[in-house]
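Fit chain L to the supplied structure of chain S, relying on the hints for placement.
Number of protein chains: 2
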Amino acid sequence: MSGAAEPLVSNAKLLAFGEAVLTKVGFSPDDAALASRILLDADLRGVASHGMAHLVDFYVRRTQAGKVNPHPNMQLTSDQQAAATLDADNALGFVAGHHAMGIAIEKARATGVSWVSVGNSTHYGAGAYYAMMALEHDMIGFSMTTGGRLVAPPGGLGRAIGLNVLSVAAPTSREWPYVLDMATSVVAAGKLEIARRKGESIPEGWAQTATGEPLTDPTQLHPDGTMLPLGGTPVHGAFKGFGLTIMVDILTGALSGFGTSAEIDAGLTAAHCFGALRIDAFQPLGDYRERMERMIAAIKETPRKESVDEIMIPGELEHALAAERRADGRVPVHAVVLAGFHDAAEELGVTYDLED
Amino acid sequence: MSGAAEPLVSNAKLLAFGEAVLTKVGFSPDDAALASRILLDADLRGVASHGMAHLVDFYVRRTQAGKVNPHPNMQLTSDQQAAATLDADNALGFVAGHHAMGIAIEKARATGVSWVSVGNSTHYGAGAYYAMMALEHDMIGFSMTTGGRLVAPPGGLGRAIGLNVLSVAAPTSREWPYVLDMATSVVAAGKLEIARRKGESIPEGWAQTATGEPLTDPTQLHPDGTMLPLGGTPVHGAFKGFGLTIMVDILTGALSGFGTSAEIDAGLTAAHCFGALRIDAFQPLGDYRERMERMIAAIKETPRKESVDEIMIPGELEHALAAERRADGRVPVHAVVLAGFHDAAEELGVTYDLED
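Residue numbers (this note's numbering), protein chains in the order written: chain S, 713 to 1068; chain L, 713 to 1068.
If we strip away everything but chain S, and leave its shape as in the complex, we get (with noise of 0.2 Å):
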């Protein structure tokens, strides 16, 4: 293994990784490979903490555990023109994710938009990805999902509601498209990973302790610490995050009827909702693109910081590394990430081929 913290690992050979030890746990082959691709596709994209480094201990562990049903029989519980609800029973979130936006998508073919809301589901990554899966349709797309339970309402102590996540793609007039991929909170639970694991502390206004103290120790999160909802403080737009957090519970567990972030297994069972809506019914998608050139030049051309050397548009230097990583072929892998690949290889009987 390299002395670096990050090696360069092979895309082909993460994915190769991947799908042997899904494959292994259970999974089909498609299934393995789809949630293999998803999984790189974070990487490449530079969401590390949605990527391959949670291959073994969310998705192999949970499977172990029976968390997850490789087999599952996902049934539509409603099924109509525009609208429907995927019970995905236990499925790995990948797999009920890419499917329920499938639908999504042939939905919106037919009618012009569509809903898809999904319960009895589990983590599915990176909510960018299915969103994204609209795109080459033309369409707009929307990906939505319950989080584990870590975050406090305005006001409150406990750990009430979760870290639900909204995600929005749509076309643009450039070479990448829009990407939105948010959690409703300051932000998303992986930061205070990673400064747990570089020993750092994090800025006033992201957390708190069980007593509604500023938390900057990222150690001190768990057992009672919380999450803040975007905004912060109520002067500084609490209301909005904690109000954009239960929007999507709405939309997806309570929606489909299996349950918000307030009452599912925290960060364990998931449930998600997927839209689609195809530029097309609303005007011709010549008009479309102008108008997104029109506010992207706009954007752009605002005065800007001196140390700022260019505003970018959210997707946009997500595609760019995307497009980096994938003609370099490869991505960068935390040692401690590929130490844990290592020994769930030798324990599944898969062979570890990821170092050069």
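Think of the hints as simulated: they come from the structure by calculation, not from any bench. Glycine included, each C-beta is placed from N, C-alpha and C at the ideal position. All clues stand as given, with none of them false.
Label-pair distances were calculated between CB atoms; the ranges are: (1) S:934 - L:749: 45 to 53 Å; (2) S:1035 - L:926: 35 to 43 Å; (3) L:749 - S:947: 30 to 38 Å; (4) L:814 - S:718: 52 to 60 Å.
Derived coverage of chain S by chain L (criterion: at least 3 residues anywhere in the stretch with Cβ under 8 Å from a Cβ of chain L; other residues may be distant): (5) 826-838; (6) 864-875; (7) 938-946; (8) 988-998; (9) 1019-1029.
Chain L only, in chain S's frame:
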């Protein structure tokens, strides 16, 4: 006039006054009544910044200036099963919004889900009204609009994007609905108006000067200060607020084809969108309500700060206030606003009968 800064004025008289004034400047009695009802609804819910206070300075003056068309020829430029686009022909935003949300509800009744994008419109008041139209149909409602161009993107110093607004309403298990009605900036511009009127300073983090310094004197916003996107600073999530602002622009001005907040006449013309999800297209309504109750109960049972009596769900306080003000038959209206009404009544030849 009472000596109080905010005398209480009869709801019925305010409605009649609004109707008389708007009819006088050219609106049909039906449109004038609709607009007055929507304005009063904001006052009832405690959103005075979007209520009757703007009757004259926004709606009457803009109509007199030819910016609002009292006899619009509103046309659907696209009409698909679950999707439509409305060219509002510079209608009063209330008229365009009410019409478009009605279409969204009818479409969702048939297909389960719908989305209607609107351009060539004007200021539509508080977005919650339209989202809440879905409630009596047991639907979840969405309403979004472009706002005045006053927001700088993260790293930017110029007014690139609008004070865009996202509103969502959903039935709950309680007597009040969930209602989120938020500018995608840290605060709405109304908060600065109020501070200016009171001669108070504003907290750091709401706005910045033309050079990017914290702006705490609200009189300094014009001509070249900027409001900040929700999150405020990049470290506290400003890219999320920025991303939400763009999401609203995409779904309103780009999707309708009539232009986003980055290019349309700041604050005068507007683009909106409206969505409806019929809950029983996803699952039986009773099951939905049960999941909502579990979520609400869990949130309300969360340990609280000592200073907090109860954790309120978005929409709960506004519902209670509206019930109180309906029962009382009166809402507070600032004395300055009443003085303006008095002058406008004289100018337009309308009876002024708002004070006891």
